[in-house]
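**Q** Okay, here's what each chain looks like letter by letter:
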Amino acid sequence: MSGHTEVGNYLTHPKGFWSWVTTIDHKRIGIMYMATTMTFFFIGGIFALLVRLELLTPGLTVMSADTYNKFFTYHGAIMVFMFIIPIIPAALGNFFLPIMIGAKDVAFPRLNLASYYIFISGAALAVWALMAHGADTGWTFYTPYSIRTNTSVVLVALGVFVMGFSSILTGLNFITTVHKLRCPGMTFYRMPLFVWAVYATAIIQVLATPVIGITTLLLVMERVLKIGIFDPALGGDAVLFQHFFWFYSHPAVYIMILPGMGIISEVIPVFARKHIFGYKAIAYSSLAIAGISFIVWGHHMFVSGQSPLANLLFSVLTMFVAIPTAIKVFNWTATLYKGSISLKTPMLYAVSFLFMFTIGGLTGLFLAALSVDVHLHDTYFVVAHFHYVMMGGTVMGLLAGLHYWWPKMFGKMYNEWGGKISWALIFIGFNMTFFTQFFLGYLGMPRRYYDYPPQYAGLNMISTIGSWFLFAGFLLMLIYFIRSFFSKEKAADNPWGGKTLEWQIPSPPTEHNFHETPTVTGKPYDYGVVKL
Amino acid sequence: MNHAVTHPVPHHFDSAEQAFQASKLGVWLFLVTEILLFGGLFVAYTIFRGLYPATFHEASHHLNKVLGSINTVVLICSSLSMALGVDRVRQNDPNKAHQYMLLTLFFAVCFLIIKYVEYTHKFHEGLLPGAHFTFAGLKDDPKAPLFFSLYFMMTGLHGIHVLVGMGLIAWVLIRSNRGEFSSGYYTPVELVGIYWHLVDLIWIYLFPLLYLIG
Chain H
-4 MSGHTEVGNY
6 LTHPKGFWSW
16 VTTIDHKRIG
26 IMYMATTMTF
36 FFIGGIFALL
46 VRLELLTPGL
56 TVMSADTYNK
66 FFTYHGAIMV
76 FMFIIPIIPA
86 ALGNFFLPIM
96 IGAKDVAFPR
106 LNLASYYIFI
116 SGAALAVWAL
126 MAHGADTGWT
136 FYTPYSIRTN
146 TSVVLVALGV
156 FVMGFSSILT
166 GLNFITTVHK
176 LRCPGMTFYR
186 MPLFVWAVYA
196 TAIIQVLATP
206 VIGITTLLLV
216 MERVLKIGIF
226 DPALGGDAVL
236 FQHFFWFYSH
246 PAVYIMILPG
256 MGIISEVIPV
266 FARKHIFGYK
276 AIAYSSLAIA
286 GISFIVWGHH
296 MFVSGQSPLA
306 NLLFSVLTMF
316 VAIPTAIKVF
326 NWTATLYKGS
336 ISLKTPMLYA
346 VSFLFMFTIG
356 GLTGLFLAAL
366 SVDVHLHDTY
376 FVVAHFHYVM
386 MGGTVMGLLA
396 GLHYWWPKMF
406 GKMYNEWGGK
416 ISWALIFIGF
426 NMTFFTQFFL
436 GYLGMPRRYY
446 DYPPQYAGLN
456 MISTIGSWFL
466 FAGFLLMLIY
476 FIRSFFSKEK
486 AADNPWGGKT
496 LEWQIPSPPT
506 EHNFHETPTV
516 TGKPYDYGVV
526 KL
Chain L
365 MNHAVTHPVP
375 HHFDSAEQAF
385 QASKLGVWLF
395 LVTEILLFGG
405 LFVAYTIFRG
415 LYPATFHEAS
425 HHLNKVLGSI
435 NTVVLICSSL
445 SMALGVDRVR
455 QNDPNKAHQY
465 MLLTLFFAVC
475 FLIIKYVEYT
485 HKFHEGLLPG
495 AHFTFAGLKD
505 DPKAPLFFSL
515 YFMMTGLHGI
525 HVLVGMGLIA
535 WVLIRSNRGE
545 FSSGYYTPVE
555 LVGIYWHLVD
565 LIWIYLFPLL
575 YLIG
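Protein sequence lines, in the order shown, are assigned to chains H and L. For the first sequence, the working numbering begins at -4 and goes up steadily by one. For the second sequence, the working numbering begins at 365 and goes up steadily by one.
A hint or two may mislead.
Stated by the list, open to error - List time: in silico DSS-like cross-link candidates among lysine-lysine, alpha-carbon distance up to 25 Å:
{"#": "1", "chain 1": "H", "residue 1": "275", "chain 2": "H", "residue 2": "333"}
{"#": "2", "chain 1": "H", "residue 1": "415", "chain 2": "H", "residue 2": "269"}
{"#": "3", "chain 1": "L", "residue 1": "429", "chain 2": "L", "residue 2": "503"}
{"#": "4", "chain 1": "L", "residue 1": "486", "chain 2": "H", "residue 2": "221"}
{"#": "5", "chain 1": "H", "residue 1": "175", "chain 2": "H", "residue 2": "518"}
{"#": "6", "chain 1": "H", "residue 1": "175", "chain 2": "L", "residue 2": "388"}
{"#": "7", "chain 1": "H", "residue 1": "494", "chain 2": "H", "residue 2": "275"}
{"#": "8", "chain 1": "H", "residue 1": "269", "chain 2": "H", "residue 2": "494"}
{"#": "9", "chain 1": "H", "residue 1": "483", "chain 2": "H", "residue 2": "333"}
{"#": "10", "chain 1": "L", "residue 1": "479", "chain 2": "H", "residue 2": "221"}
{"#": "11", "chain 1": "H", "residue 1": "269", "chain 2": "H", "residue 2": "518"}
{"#": "12", "chain 1": "L", "residue 1": "388", "chain 2": "L", "residue 2": "429"}
{"#": "13", "chain 1": "L", "residue 1": "507", "chain 2": "H", "residue 2": "221"}
{"#": "14", "chain 1": "L", "residue 1": "503", "chain 2": "H", "residue 2": "221"}
{"#": "15", "chain 1": "H", "residue 1": "483", "chain 2": "H", "residue 2": "339"}
Stated by the list, open to error - Away from chain H, derived, C-beta distances all over 12 Å, residues of chain L:
{"#": "16", "residue": "422"}
{"#": "17", "residue": "440"}
{"#": "18", "residue": "457"}
{"#": "19", "residue": "469"}
{"#": "20", "residue": "488"}
{"#": "21", "residue": "499"}
{"#": "22", "residue": "500"}
By construction, these hints were calculated from the structure, which means they are not laboratory data. Glycine is no exception: its CB is placed at the ideal position from the N, C-alpha and C atoms.
Pulled out of the complex, with its shape left as it was, chain H reads as follows (with noise of 0.2 Å):
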């Protein structure tokens, strides 16, 4: 196209707004992900605050039990679908993945545009039915509650239909790429991990995303035409609806996680200038949980009604997910052992991500284990674990790799100091928000409840001034974000010294990431040799 003269980056060049909303630029889709994504992480988690807001005393205390329902569902149902589960693959991913493996761009990159415009019809729709109409079945729409409740559950389940269409095409797009767009040298087990983990990610995109498909279809068809599926007046199972919406959404919530594990594998060895520990052994695990997470599902329904032999059966798989995921746990640590640790703002994420990562690891083991589920289930104490896993392993890595990419994406450096700060703020307000819950959890304080008895109300004080430390920390992080743009001091081009491919381009990136094909001829953290 432009041949080899000098071109001006991919955030300058095409200029104009109409060269950006028709890019076929994985970058730009990865950017146009990362701004819609993070605007839904905002809205969210104004409706994460509203309610520990309405938690704050027993009683009321702002909102009408009614207004709580529907807020503890949208903060949900934006969260999972429209934050959480796109936002490292279709953004970072999106950005990063072919870069790292030297390729121009994804194997079909119209369709990579087509997956982002699918995405934003589909939240556009359910955020609309949401605001306009509300919906208080919580993010699970469990039957048949959800099909007597006379909010607009069709509108926002085709609105996840229609978003998990755009998630299926991402994974669809990331595998091909990275089977049949390496460059010269690149063999698999050269591909740096955050490539393995968006690959098992991808995997999961593609094989669990087609059953909420079927089951937020045939939820609609269930208000729309009465088929009787999941309705028992109608001779139907509403447990089935529960067995079809977790064999979706508990792989799902692995494609959560998963990429930021990918990101904690590039994080440390960088700033530990150590190659990585077991490099062989974390690239498998993220596969081994990729295919763990479709026999797993049934420990959601442990008392639903399902049979014994089956809830015995789902607790010792579930066990079996703790082995991949501490094999990355120890290796990450075992990496650490010796290096030459630089604690700058993405390894405060990713140390941040080994210890509450790993306490949300365990405290699943306790989930799994079926007598004790029988007490903690559907309390507190499940809503801690989540969020630890959520937001203590995924934002963490979320905010490790935005940290870390930050200067690569956009060329200018955030401000260290603020970021530590805002480090700081948001490791202290997330401990003091979800670790309390633990303890209201086994004290018995059923999760979703608008109102809870007297004893509870410390604990509960407690967490919800841990969410404003939380949001603290976020404003600053946005404040100090936007304010690297109108820095005026450029970024170097590998300011962490980076071994992978996208360390070795200009920052910002040019328009097709590569002068010349690269050709590979080592590993990605090779810090043996690195000069200093």
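Given chain H, put chain L in place with the hints provided.
**A** Relative to the frame of chain H, chain L by itself:
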């Protein structure tokens, strides 16, 4: 574009062969998702048939086996003509390929017409899904409507896939009419062919499961 023999290779691929292989892998992955989409319905079918075997047996007698069989033959023929079309374009005979694809489209239309006749008949008799079921003959069996819910969901979703397939074949026909395809470039023909075979294959399972039980 009119008499272009060579198709430009997209910028991010090194060769036409690489682009072709990538597209094929993409479509195969897409078919996997289609199978899982239908998989949910097959699972629901299996569970309810396992729970109420007698009901399913009885209810399936109210489907028209003759029309169902004819439609099976029609779809198999359409798959054959599609395969022949792909083979012809590979052998650099795009005109013959065009004719075969027209034939495929014709079979697809036949399939939908027959399906329309079947559906109309079911509507008429009140053999409808779930709460809308009014057929007097099976009134005593409270589970019978479930069978028809599944019947309409499964054949309905399949019918939508037939429609999409027809749209895709029409799109390929238009491009073929412009002379875009040859043995050097026929990716869309191949991909639409693969998709069409899946549409056929799903019906091959639907037919015995719904029409021929008992």
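**Q** The structure should be examined with respect to each hint, and the outcome stated for every one.
**A** Checked hints:
| no. | hint | in the structure |
| --- | --- | --- |
| 1 | H:275 x H:333 | holds, 20 Å |
| 2 | H:415 x H:269 | holds, 23 Å |
| 3 | L:429 x L:503 | holds, 22 Å |
| 4 | L:486 x H:221 | holds, 17 Å |
| 5 | H:175 x H:518 | holds, 20 Å |
| 6 | H:175 x L:388 | holds, 11 Å |
| 7 | H:494 x H:275 | holds, 18 Å |
| 8 | H:269 x H:494 | holds, 11 Å |
| 9 | H:483 x H:333 | violated, 37 Å |
| 10 | L:479 x H:221 | holds, 22 Å |
| 11 | H:269 x H:518 | holds, 12 Å |
| 12 | L:388 x L:429 | violated, 36 Å |
| 13 | L:507 x H:221 | holds, 14 Å |
| 14 | L:503 x H:221 | holds, 17 Å |
| 15 | H:483 x H:339 | holds, 22 Å |
| 16 | 422 | holds, 14 Å |
| 17 | 440 | holds, 25 Å |
| 18 | 457 | holds, 29 Å |
| 19 | 469 | holds, 25 Å |
| 20 | 488 | holds, 18 Å |
| 21 | 499 | holds, 15 Å |
| 22 | 500 | holds, 18 Å |
The structure does not agree with the numbered hints 9, 12 stated previously, though it agrees with the rest.
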